[in-house]
Amino acid sequence: MQRILTFSKGGVHPDDRKVYSRSEVIERLPMPSELIVALSQHLGAPAKALKTKGDTVVKGEKIGEASGFISSDVHSPVTGTIKEIRKVTLVNSVQCDAFIIIPDAEQPADVEEKIDWKSFDGSTLLSSIKDMGIVGMGGAAFPAHVKFSIPKDKKVDSFVVNGVECEPYLTADYRIMLEKGEQALEGAMIAAKIIKATRVIVGIEMNKPDCISHLKKIVAQKGYPIEIVALKMKYPQGDEKQLLKATLNREIPSGKLPLDVGAVVANIGTCNAIYEAIVLKKSLYERVISVTGECITNPKNVLAPVGTKMSDLLAFCGGFSSEPEKLVSGGPMMGFSFFDTETPMTKGSSGLLALGAQKKFRSTACLNCGRCVAACPIGLMPAKLYRYINNGQYEEAMKISLMDCKECGCCAYVCPAQLPLVHTMKTGKKLGRKKK
Amino acid sequence: MNKPTLTVSSSPHLHAKTDTASIMWSVSIALTPAVLWGVYVFGIRSLLVLGVSIITAMVCEYFLGRLYKESTLWDGSAFLTGLLVGMNMSPSIPLFIPCIASVFAIFVAKWVFGGLGANWANPALSGRIFVFFSFTTPMSSFVAPRTLASVLPDALSSATPLSLSKTAVSGGTLGLDGSSLLSSMGYPATDLAQNISAMTGISAFTIDTFLGNVAGCIGEVSSLALLIGGIYLLARQIITWHIPVTYLLSTALLSWMFGGIPSGLGLFGGSFLSSMFSGGLMLGAIFMATDYVTSPISHKGQFVYAIGCGFFTFLFRYFGSMPEAVSVSILLMNIFTPMIDRYIIPRKFGDTRELRKKQKEARA
Numbered sequence: 002m003q004r005i006l007t008f009s010k011g012g013v014h015p016d017d018r019k020v021y022s023r024s025e026v027i028e029r030l031p032m033p034s035e036l037i038v039a040l041s042q043h044l045g046a047p048a049k050a051l052k053t054k055g056d057t058v059v060k061g062e063k064i065g066e067a068s069g070f071i072s073s074d075v076h077s078p079v080t081g082t083i084k085e086i087r088k089v090t091l092v093n094s095v096q097c098d099a100f101i102i103i104p105d106a107e108q109p110a111d112v113e114e115k116i117d118w119k120s121f122d123g124s125t126l127l128s129s130i131k132d133m134g135i136v137g138m139g140g141a142a143f144p145a146h147v148k149f150s151i152p153k154d155k156k157v158d159s160f161v162v163n164g165v166e167c168e169p170y171l172t173a174d175y176r177i178m179l180e181k182g183e184q185a186l187e188g189a190m191i192a193a194k195i196i197k198a199t200r201v202i203v204g205i206e207m208n209k210p211d212c213i214s215h216l217k218k219i220v221a222q223k224g225y226p227i228e229i230v231a232l233k234m235k236y237p238q239g240d241e242k243q244l245l246k247a248t249l250n251r252e253i254p255s256g257k258l259p260l261d262v263g264a265v266v267a268n269i270g271t272c273n274a275i276y277e278a279i280v281l282k283k284s285l286y287e288r289v290i291s292v293t294g295e296c297i298t299n300p301k302n303v304l305a306p307v308g309t310k311m312s313d314l315l316a317f318c319g320g321f322s323s324e325p326e327k328l329v330s331g332g333p334m335m336g337f338s339f340f341d342t343e344t345p346m347t348k349g350s351s352g353l354l355a356l357g358a359q360k361k362f363r364s365t366a367c368l369n370c371g372r373c374v375a376a377c378p379i380g381l382m383p384a385k386l387y388r389y390i391n392n393g394q395y396e397e398a399m400k401i402s403l404m405d406c407k408e409c410g411c412c413a414y415v416c417p418a419q420l421p422l423v424h425t426m427k428t429g430k431k432l433g434r435k436k437k
Numbered sequence: 040m041n042k043p044t045l046t047v048s049s050s051p052h053l054h055a056k057t058d059t060a061s062i063m064w065s066v067s068i069a070l071t072p073a074v075l076w077g078v079y080v081f082g083i084r085s086l087l088v089l090g091v092s093i094i095t096a097m098v099c100e101y102f103l104g105r106l107y108k109e110s111t112l113w114d115g116s117a118f119l120t121g122l123l124v125g126m127n128m129s130p131s132i133p134l135f136i137p138c139i140a141s142v143f144a145i146f147v148a149k150w151v152f153g154g155l156g157a158n159w160a161n162p163a164l165s166g167r168i169f170v171f172f173s174f175t176t177p178m179s180s181f182v183a184p185r186t187l188a189s190v191l192p193d194a195l196s197s198a199t200p201l202s203l204s205k206t207a208v209s210g211g212t213l214g215l216d217g218s219s220l221l222s223s224m225g226y227p228a229t230d231l232a233q234n235i236s237a238m239t240g241i242s243a244f245t246i247d248t249f250l251g252n253v254a255g256c257i258g259e260v261s262s263l264a265l266l267i268g269g270i271y272l273l274a275r276q277i278i279t280w281h282i283p284v285t286y287l288l289s290t291a292l293l294s295w296m297f298g299g300i301p302s303g304l305g306l307f308g309g310s311f312l313s314s315m316f317s318g319g320l321m322l323g324a325i326f327m328a329t330d331y332v333t334s335p336i337s338h339k340g341q342f343v344y345a346i347g348c349g350f351f352t353f354l355f356r357y358f359g360s361m362p363e364a365v366s367v368s369i370l371l372m373n374i375f376t377p378m379i380d381r382y383i384i385p386r387k388f389g390d391t392r393e394l395r396k397k398q399k400e401a402r403a
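Which chain is which? The protein sequence lines are Y and H, in order.
All letters in the first sequence, in the order written, are residues 2 to 437 by the numbering used here.
All letters in the second sequence, in the order written, are residues 40 to 403 by the numbering used here.
Keep in mind that the hints were calculated from the coordinates and are not lab data.
Note that beta-carbon positions come from the ideal geometry of N, C-alpha and C, so glycine has one too.
Certain hints may be false.
Unchecked claim - Computed spacing ranges between beta-carbons, pair by pair:
(1) H:K56 - Y:E35: 35 to 45 Å
(2) H:Y382 - Y:K427: 45 to 55 Å
(3) Y:L258 - H:V284: 52 to 62 Å
(4) Y:E396 - H:Y101: 38 to 48 Å
(5) H:L306 - Y:H14: 43 to 53 Å
(6) Y:L6 - H:G359: 20 to 30 Å
(7) Y:E396 - H:Y382: 29 to 39 Å
(8) H:L306 - Y:N250: 36 to 46 Å
(9) Y:L6 - H:Y382: 27 to 37 Å
(10) H:F172 - Y:L258: 41 to 51 Å
(11) Y:L258 - H:R275: 34 to 44 Å
(12) H:S219 - Y:H14: 44 to 54 Å
(13) Y:K427 - H:R275: 50 to 60 Å
When you get a sec, could you build the whole thing from the sequences and use the hints?
Here you go:
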């Protein structure tokens with residue numbers, strides 16, 4: 002029996018609520034009538050538009066170019082015409098330019114030809130990842146080529162693949178592991194070659210035992226030097242800090258990157274995207290998104306082109322079965338709630354949730370109960386930070402490591418007084434930075 | 040598609056089921072076994088004492104809430120404070136005393152500092168201490184429990200066993216530990232306790248204090264009933280083990296090591312078990328010291344706090360001249376809580392020993 006690992010400090014155990022969509026096979030969305038392809042789908046600088054109004058575009062063609070070191074290319078998900086370029090607001094309140102693309106009735110078929118990547122060297126692979134616009138598929142959408150460019154003075158020995166999917170509801174990664182496991186693991190091997198890692202580890206939580214056994218079988222068949230590691234269910238294990246602690250028992254110091262402890266972390270969905278980019282020469286223009294929640298008539302895992310409007314996804318899944326209280330893009334712990342169903346999904350959209358009304362609690366004063374302190378995976382004191390920020394003492398708050406907060410939501414999840422802790426941390430960080 | 044009314048708010052969009060009111064009511068439920076035992080052994084009058092304390096506390100909370108334009112009556116905190124005040128009263132207390140104690144607890148200890156969450160001292164304990172020093176005689180005269188009523192002489196039932204042995208030791212009776220001292224004074228034991236004592240070798244007096252067959256405050260006599268409540272709170276994850284276990288063990292350990300000194304038994308002459316079960320320690324350790332508002336927020340801080348409570352309880356019990364060791368110790372450590380929270384902070388993720396060593400080397 003293999004030892005089941007986890008991280009030691011903090012964390013919470015929300016109900017996983019994956020039942021709605023876990024058994025739904027990935028379905029391709031019928032081509033929507035209109036796509037809104039934003040130029041800022043990733044962390045960092047928005048891409049520069051390469052096309053203008055009226056231009057025709059081909060599926061997979063580059064239409065936006067990376068405009069800085071931390072930036073990523075944007076590709077057209079369809080063959081069609083650009084109706085206009087308009088400013089849009091994304092779910093995370095980012096405002097940027099977006100192409101409004103009208104797809105042609107006839108779309109080119111997917112390429113079946115496979116390319117053997119084993120003869121390519123690391124830097125060639127890295128530049129094709131950049132050209133294909135690969136970003137982290139877990140939610141933050143950090144450009145993958147930046148993550149995989151290892152500075153000369155750093156050495157990486159381990160590549161950790163995140164198959165944790167610790168956010169409740171979401172099942173996109175789960176389905177990818179089950180249905181595209183071979184591709185994803187080959188993608189992981191490609192990534193390991195780029196960063197010259199000798200050890201490849203895939204961490205999967207215990208609520209996905211079928212994924213663990215399925216991936217183990219593939220590893221045994223193909224003879225990959227990959228370790229599949231079972232992890233205890235605990236949120237936020239999908240965070241790279243917690244994942245590295247759980248799998249390698251390494252702690253990333255404050256303000257440092259996984260690189261600093263000799264590891265790189267990537268999502269299993271990213272590995273799949275890498276495989277498609279390298280082997281199938283397919284740029285990142287579509288992704289799997291879980292459309293789920295209590296209020297969705299037919300929860301599904303949908304393979305949708307980037308830029309699909311949320312309303313199209315909802316319509317494909319039969320609309321609402323009952324009136325939702327919240328629409329959330331991403332997971333319920335860190336995702337963004339939004340109100341406009343015309344908002345497009347992006348490369349980082351892992352889920353679209355329609356959540357029902359939750360039991361209303363009355364917010365009270367802080368009881369000093371210490372649940373937030375016990376739940377914080379970083380070892381902060383959220384109650385104390387909350388007090389400082391509300392008193393306007395931003396410097397004091399920063400002294401007790403406000404900037405280390407990653408807004409995972411564990412503190413607000415457990416708070417019996419229902420204090421808006423994450424909201425306050427976000428505000429405090431913004432105002433604190435401004436003051437500096 | 041119809042447009043639903045949507046809420047937009049910051050993440051997280053899920054919440055654990057526990058809220059303030061459910062915590063407060065759970066603690067009240069956890070106190071039920073001790074209350075039932077108290078009412079059983081001390082008679083129906085103790086119910087009256089509890090009722091007066093609770094109603095006074097809630098009425099007080101209601102009016103102060105109106106004054107502050109907050110409606111806090113049903114969060115359960117005032118009910119709990121009133122209940123704890125009542126449990127800390129002698130069953131024979133004149134009814135105006137729990138009334139005053141509850142008003143002091145809610146008005147002075149709680150609302151003067153801003154209400155729930157803002158008080159620095161445990162309200163119920165403050166109320167108890169206030170009336171204890173104001174009305175010492177009625178506060179320290181007790182009645183015999185039903186289980187010992189026929190055999191316990193009035194002279195012994197009017198005081199708690201702890202204060203009896205304290206008076207005897209300061210009067211010069213040396214060489215006996217707590218329980219043998221009490222048996223030499225003629226303190227009886229129930230048949231059940233004697234039977235268990237014959238089987239286990241633990242003194243019958245200790246077993247009676249554990250079961251609750253002694254004179255004392257309504258809610259504090261039965262360690263067993265309080266432990267049941269404590270286990271319920273632990274199971275519901277309302278409290279963590281850090282404070283109660285550390286507090287009980289540190290008191291017991293210190294009592295065992297040094298508790299024999301005043302009675303002439305020397306080092307390691309004190310009794311480990313009876314020090315844990317007697318007096319208000321069990322009630323204090325499980326329900327009073329664990330009060331969220333007035334105890335430190337981090338587990339590390341809670342250790343320090345509980346050891347402090349244990350140390351002072353031991354000190355006041357064996358070397359002080361007054362009773363109220365548990366109440367005073369907890370209130371004393373309440374004062375230290377803000378300081379503990381300021382200086383004892385949890386280890387930050389990534390702040391490992393190796394990293395600190397490296398930083399030290401880099402500085403050197």
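Checklist line | Verdict for H:L306, Y:N250 (Cβ pair) under range 36 to 46 Å | finding: This hint holds: roughly 44 Å between Cβ atoms.
Margin query: Between the beta carbons of Y:K427 and H:R275, is the distance compatible with 50 to 60 Å?
Written below: 32 Å Cβ-Cβ, so the 50 to 60 Å window is violated.
Checklist line | Pairwise beta carbon distance, H:F172 to Y:L258, judged against the given window 41 to 51 Å | finding: 60 Å, violated
Note to self: I want to verify a distance hint. Is the separation of the beta carbons of H:S219 and Y:H14 within 44 to 54 Å?
What the structure shows: 50 Å, holds
Check: Is 45 to 55 Å right for how far apart the beta carbons of H:Y382 and Y:K427 are?
Finding: 28 Å, violated
Next item on the list: Return holds or violated for the Cβ distance of H:L306 and Y:H14 against the range 43 to 53 Å.
Entry: With Cβ atoms ~47 Å apart, the hint holds.
Margin query: Against the range 38 to 48 Å, how does the distance between the Cβ atoms of Y:E396 and H:Y101 compare: consistent or not?
Written below: 41 Å, holds
Item checked: Supplied distance hint 34 to 44 Å, evaluated on CB atoms of Y:L258 and H:R275 -> Cβ of Y:L258 to Cβ of H:R275: about 40 Å, so the range 34 to 44 Å holds.
Margin query: Within 52 to 62 Å: is that where the Cβ-Cβ distance between Y:L258 and H:V284 falls?
Written below: 40 Å, violated
Notebook entry, point to check: Honestly, do Y:E396 and H:Y382 meet the 29 to 39 Å range at C-beta?
Noted result: Given range 29 to 39 Å: violated, Cβ gap about 19 Å.
Item checked: CB-CB spacing for H:Y382 and Y:L6 relative to the 27 to 37 Å hint -> 33 Å, holds
Check: Does the Cβ distance between Y:L6 and H:G359 fall inside 20 to 30 Å?
Finding: The hinted range 20 to 30 Å is violated for Y:L6 and H:G359, with Cβ atoms some 51 Å apart.
In this structure, the earlier hints numbered 2, 3, 6, 7, 10, 13 are contradicted, and the remaining ones agree with it.
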